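A.B. asks: Fit chain B to the given chain A structure using the hints.
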Amino acid sequence: MTTNARIKKLIDDNEVLLFMKGNPTFPQCGFSSVACQALRALDVSFETFDVLQDPEIREGIKVFSNWPTIPQLYIHGEFIGGADIIRELYESGELAEAISKE
Amino acid sequence: MLQAIEIQKIIEANLNCNFIKVNGDDGTHFEAVIVSDVFAGQSIIKQHQQVYSALGNMMQSEIHALSIKTYTPDEWSQKNNIKG
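Protein chains in written order, with our numbering: chain A, 1 to 102; chain B, 1 to 84.
Derived by calculation from the structure, the hints in this document are not laboratory data. Model, not experiment: these values are computed from the prediction. Cβ atoms here follow ideal geometry from the backbone N, Cα and C, with glycine treated the same way. Mixed in with the good hints there might be a few duds.
[To be verified] No farther apart than 27 Å at their CA atoms in a straight line, the calculated lysine-lysine pairs in the BS3-like style are these:
#, chain 1, residue 1, chain 2, residue 2
1, A, Lys101, B, Lys46
2, A, Lys62, B, Lys79
3, B, Lys79, B, Lys46
4, B, Lys46, A, Lys8
[What the hints assert, rightly or not] Which chain A residues stay away from chain B? Per the calculated CB distances, all over 10 Å, these:
#, residue
5, Glu15
6, Gly30
7, Phe64
8, Tyr90
One chain only, chain A, in its complex shape (with noise of 0.2 Å):
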């Protein structure tokens, strides 16, 4: 399978998926950290890939999404943000919107 079709079904097999280094209990970057912090906090469910062990996807992603940052966040198959956007979203609600919704 090429690296997209990889992440194509990653996303496609996931409803809220966040593409990191490490993982929720060792996040291994400070950005990868806020993320799942804001995902613990809205009490949903979500799965994550580490792209650190994985460094086709790790490169893949970035285009993919065409951002040249980790982490990433998809939501019922549709590319929310990193960071940043991710946090924002979470104060305003709409991070909690964009999951509920189906």
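C.D. replies: Showing chain B alone in chain A's frame:
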């Protein structure tokens, strides 16, 4: 060491900014506040993508961490409570 002012100048040169301020003095972590007419009507993703695009390949190399806040001129006025 990479200076905040260098990042600011590069963004300014490639994006039409009404206001821009980049802070950060440790050479790796920076924060940018950018106000621009071009952001009007754009999604927040698109706004941030334009800032990244203005920085070209610096995001892949020199810049380790850049936090971005974007505002349209209207949003910026409201935030600063400036009366029209």
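A.B. asks: Taking the closest pair, is the beta carbon of glutamate 15/A still more than 10 Å from chain B?
C.D. replies: Its Cβ never comes within 10 Å of chain B, the nearest being 19 Å, so this holds.
A.B. asks: Need the status of pair lysine 79/B, lysine 46/B: alpha-carbon distance at most 27 Å?
C.D. replies: holds (21 Å)
A.B. asks: Within 27 Å, alpha carbon to alpha carbon, are lysine 46/B and lysine 8/A?
C.D. replies: Satisfied, since the Cα-Cα distance of roughly 21 Å is no more than 27 Å.
A.B. asks: Minimum Cβ separation between glycine 30/A and chain B greater than 10 Å?
C.D. replies: violated (7 Å)
A.B. asks: Take a quick look at whether lysine 62/A and lysine 79/B sit within 27 Å of each other, Cα to Cα.
C.D. replies: At roughly 32 Å apart (the allowed maximum being 27 Å), lysine 79/B and lysine 62/A break the hint.
A.B. asks: Run the C-beta distances from phenylalanine 64/A to all of chain B and say if the shortest one exceeds 10 Å.
C.D. replies: With a cut-off of 10 Å, phenylalanine 64/A remains clear of chain B, as the shortest Cβ separation is near 13 Å.
A.B. asks: Can we confirm that no CB of chain B comes within 10 Å of the CB of tyrosine 90/A?
C.D. replies: Its Cβ never comes within 10 Å of chain B, the nearest being 13 Å, so this holds.
A.B. asks: Starting from lysine 101/A, check that the Cα of lysine 46/B is at most 27 Å away, please.
C.D. replies: holds (22 Å)
Consistency note: the structure conflicts with the earlier hints numbered 2, 6.
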